[in-house]
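Undergrad: Let the sequences and hints guide you as you build the complete structure.
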Amino acid sequence: MGVTPIRPGELAGVPLGRRPAEPIIEIDHVSQVFKTSSRRDHTALSNISLSVEEGAFVSILGPSGCGKSTLLYIVGGFVSPTSGTAKMKGKPITGPGTDRGPVFQEFALFPWKSVLGNVMYGPLQQGMNSAKAEARALELIAMVGLTGFEKFYPKELSGGMKQRVALARTLAYGPEVLLMDEPFGALDAHTRTRLQNDLLEIWERDRKTVLFVTHSVEEAVFLSDKVVMMSRSPGRIREVIDIDLPRPRRREELLLDPRYQNYIVEIERMFDDSGDNELPS
Amino acid sequence: MKGALKHLSPALACCGLLLTWQLASLGLKNDSFPTALDSLRAIPPILTDKEALINILASLRRMAIGFALALAFSIPLGLLMGRSRATAAFFNPLLMLVYPVPKAALMPIIMLWLGVGDVSKTLVIFLGVSLPVIYHSFEGAKAVEEKMLWSGAAMGLSAGERLLRIVLPAALPEILTGCRTGLVLALITMVTSEMIARQSGAGNILFNALDMGQYDTVFAMIIIIGAMGICLDAVFETIRRWLVRWSEPQFDMPLSFS
Amino acid sequence: MITTRTTNEWLLGAAPIVLVLLLWQGLVSFGYAPATLLPPPVQVFLRMGQQLASATFQQDIAATLFRLFAGFAIAVVLGVSIGIAAAVSPPVNAVVRPIVRVLAPLPKVALYPAFLLLLGFNHESKIMLVAADALFPILLSTYYGATIVEQKLIWSALAAGTPPRDVLWKVVLPAAMPSILTGCRIGLVISCIVVFLAEMITSTDGLGHVLVTAARTFQAVDMFVPLITISLLGLILNGLLQGLRAYLLRGFPSV
Chain A
1 MGVTPIRPGE LAGVPLGRRP AEPIIEIDHV SQVFKTSSRR DHTALSNISL SVEEGAFVSI
61 LGPSGCGKST LLYIVGGFVS PTSGTAKMKG KPITGPGTDR GPVFQEFALF PWKSVLGNVM
121 YGPLQQGMNS AKAEARALEL IAMVGLTGFE KFYPKELSGG MKQRVALART LAYGPEVLLM
181 DEPFGALDAH TRTRLQNDLL EIWERDRKTV LFVTHSVEEA VFLSDKVVMM SRSPGRIREV
241 IDIDLPRPRR REELLLDPRY QNYIVEIERM FDDSGDNELP S
Chain B
1 MKGALKHLSP ALACCGLLLT WQLASLGLKN DSFPTALDSL RAIPPILTDK EALINILASL
61 RRMAIGFALA LAFSIPLGLL MGRSRATAAF FNPLLMLVYP VPKAALMPII MLWLGVGDVS
121 KTLVIFLGVS LPVIYHSFEG AKAVEEKMLW SGAAMGLSAG ERLLRIVLPA ALPEILTGCR
181 TGLVLALITM VTSEMIARQS GAGNILFNAL DMGQYDTVFA MIIIIGAMGI CLDAVFETIR
241 RWLVRWSEPQ FDMPLSFS
Chain C
1 MITTRTTNEW LLGAAPIVLV LLLWQGLVSF GYAPATLLPP PVQVFLRMGQ QLASATFQQD
61 IAATLFRLFA GFAIAVVLGV SIGIAAAVSP PVNAVVRPIV RVLAPLPKVA LYPAFLLLLG
121 FNHESKIMLV AADALFPILL STYYGATIVE QKLIWSALAA GTPPRDVLWK VVLPAAMPSI
181 LTGCRIGLVI SCIVVFLAEM ITSTDGLGHV LVTAARTFQA VDMFVPLITI SLLGLILNGL
241 LQGLRAYLLR GFPSV
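Protein chains in written order, with the UniProt record's numbering: chain A, 1 to 281; chain B, 1 to 258; chain C, 1 to 255.
These are computed hints drawn from the structure, not numbers from a lab. Some clues are possibly wrong.
[Stated by the list, open to error] Here are the simulated lysine-lysine pairs, BS3-like style, with alpha carbons at most 27 Å apart:
hint : chain 1 : residue 1 : chain 2 : residue 2
1    : A       : Lys113    : B       : Lys142
2    : A       : Lys208    : B       : Lys147
3    : A       : Lys113    : A       : Lys87
[Unchecked claim] Some chain A residues flagged as far from chain B (calculated, every beta-carbon gap over 10 Å):
hint : residue
4    : Pro23
5    : Glu106
6    : His190
Virtual Cβ for every residue (Gly too), placed ideally from N, Cα, C.
TA: Given below as C-alpha cells:
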C-alpha cells in the first residue's frame, strides 16, 4: 500500500498555526438500521467509530448507498442512530443545534426569502438586531462572491449561486462545525471546480471543522486533511487516510504534484479491488 | 402586442360565448331560450331591485364567513396532517368517507337541526370549502423538503416555529391552490343549497323565476352568478400570484375542483 | 426509506370513525337528541338494509347510476380529446385556453335551470349538468399531463420508426395517462355529488329525490339512507377506478 496512514497528532504536513488536535466530534459504535417493507431490515451503518479533531477538514468518501450521508445526519442530530452515540465536544448529540451547520446538495434555501433574507435568517433567529444581521449577511454574501444579488429570489439563481447562498446562510450563524452533504453533487463540472476552490479559500481563512460527504475521490483528496473511506452493505469504515499535502492548496500546483496523483490512484484502486462500485443501489 | 392579446383573450372568449348564445337562440326560436341580449337587458332590473340585492348580498356575506371559517380551521389541520404521520393516519379515513358526500345535500338535515337561519347556510358552506383546503394544505405540507426543515432546526427553530415559519410559507403555493378551488366551491355550495332550501338568496331567485316562467330573469341570474364566479376567481388569482411571486411558476389553473 | 402502512395506523384511522358512531349513538341514547331529529345509527343501517332490498329503491339507484355514468362518459370523451388537442395543436390551444379560463370557475350548477329549459326535466338535463361539471377537471389534467410529456420521449419514438400520426396514440396518450386518470378520479367524485344535487333540486326519481321526499315528510331515517348510499357509491366507484389505475399504470413509478 502506497499510502501510510499517519496517526492523529502526527499531521506533519499541516502548516503552522494549527490548534492542538483534540476531538470535537466523536462517533462511538454507531449503527443505523432502517425498517423496510420487505422482511429484511436494511443496515445502513454498522458499528461506526470515528473522531474528528477540531479544525480538521474531513471527507467521508464512498459509493452511493454506503450510508455516508446518514452518518452526517446523525452528527447533525437530524437522525438518531439505532445504537451507539455521537458526541459534540463531549456532549451527546440529541438533536440539531446551531453549533453544527448543514449545507445540503439540495440547497434547501427558503424560496420565499431573497438571498439577503436567507442569509439573515440565522442571525435574526439568534436574536441579533436586524441592522447587525443585515451587515453580517452582506459581509458573507460578499465573501461568497454574490454582491449585487441580495434582492434575488432563489428561483432566479443558477445551481452554483444557490449553493453559494446556502454556504453563506450556514456560515452566517457561526456554527463550529460545517456538515456538508455532497454540496457540489448537483452542479456541473466547471461550477463544481470553482466552488471547490472558493470553499477551500474561505475555509483556509478560519479553519472551521468540516465534515464533508462526497463520492468524488478527487474532491475528497483536494479538500481534505483526512479521508474516511466507506464501503457499503452494510456501511462500514474501511480505511482512514491522512492527506499529507501542503496548504494553502492551489489546484494548478496539486494537479502536477505526484503525491496528489498518488493519493487518487491509491484510493481508486482500493475501491476497485472491492468491486463495490457496480452494485445496484 | 402579444401580451395585450393574451390579457384580453378571456374577455374575447366571453364575447364569443355570448355571440354563440345569441345566434343559437335566434336559430332555435324557442320561447324558453331568450337571446343573450334580452338576458343582459334583464340584469339591471334585478340589481336595482332592493329585495333581490339584499338577498344576494346576504348570500355573499354568508359565503365570506363560511369561507373564512373554513380556512381558519382547514389550513392548520392540513399542515399538521402533512407533518405528522399519526395525525394523517387519524384523520384520513374519516375524510375519505366524507369526501363523496354532497355537502349541499346536507342542507335539509342541517335545517332540520338548526333551522333555516344563517347558521345552517354558513355551516354548509364551511363544510363544502373545508375538504379541498385540508387536502391541498396536507399535500403542500407533505411535500416540504425535509432538508429545508433541517436547515431551520440547525438555526435553532423549535418544532412550532418550523411549522409556522417554514412549513406554512413553503406550502403556501399549494394551500392557495386549495383556497382557489374552495372559493369557487363556496359559491357553488351557496347557490346549490339555496336552490335546495328555496328560502332566499341567488339560487332561490333563479328558481322562482323559473317557476313563474320569467325566462329572461332566469338567464340574467345565470349570467350574474357566472360573473360572480369568474370575478372572484380572477381577483383571487391576482392575489395568489402576488403572494407567491417567489415560487417557481406553476400550471396556472387548479386541477382539482372538488 | 420505504414507508408502509402499519396495523397501528389502520387502528388509528378507524378510531375517529368509531368515535363518530359512538358519539352519534351516545347523543341519542342519553337523550340529547330526539330520535325524530337524529335516529340512532342502528336504526339507520337497518333501514338501509331494508331499502336496498326494495325494488323502488333499487330503481332509484339505477336511475342515479345511469345519469352519473352517461354524464361522466361524455365528460371523459370530451375532456380527454379536447385536452390532448389543446396540448398538441397551438391553434386549438389559442381557442380552448381562454374559453376554459372563463368556463372553469363558473359555478356549473347555475346553468342547471338553462339545461332544464332547453333539454326538459328528464334525464338529459341532469346528464348534461354532470358532464359540464366533470368535464373541466378531466380536461385540465389531460392538458397538463400531455404538455409535460417529455419531448425526448417523442423523439425516441420517432427515431424508433413510429409514424408521426401514431405518436399521439402511442406516446402522448399513454404518457399522459397518470394525469388523465387523476382527472377522471376527481371528475367521478364530482359526478356523484352533482347527480345527487340535480336530483334534489328537481326530479321524480333517483337517490337525491328520495332524500328530498323524506325531508318534506320529516322522515329523518330516510334522509340518512340516500346520503350514506351515495357516499358508499362514491367510495366503491373510486375504488374501482383505483384498481383500473393500478392496472393501467403498472409500469409507472408509484406515486
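Undergrad: Take the hints in turn and mark each one as holding or not.
TA: To see whether the hints hold, each was checked on the structure:
With a C-alpha separation of about 20 Å, the suggested pairing of lysine 113 of chain A with lysine 142 of chain B holds against the 27 Å cut-off. Simply put, lysine 208 of chain A and lysine 147 of chain B have alpha-carbon atoms about 22 Å apart, close enough for the 27 Å limit, and the pair holds. Taken as a hint, the lysine 113 of chain A and lysine 87 of chain A pair is broken in the structure, with Cα atoms around 33 Å apart against an allowance of 27 Å. No Cβ of chain B approaches the Cβ of proline 23 of chain A within 10 Å, the least distance being about 21 Å, so the stated non-interface status holds.
For glutamate 106 of chain A, the requirement that its beta carbon stay farther than 10 Å from each beta carbon of chain B is not met, with the minimum near 5 Å. Remark: the non-interface label on histidine 190 of chain A is consistent with the geometry, its nearest Cβ contact in chain B lying 24 Å away (cut-off 10 Å).
Hints 3 and 5, counting from the list given before, are not met by this structure.
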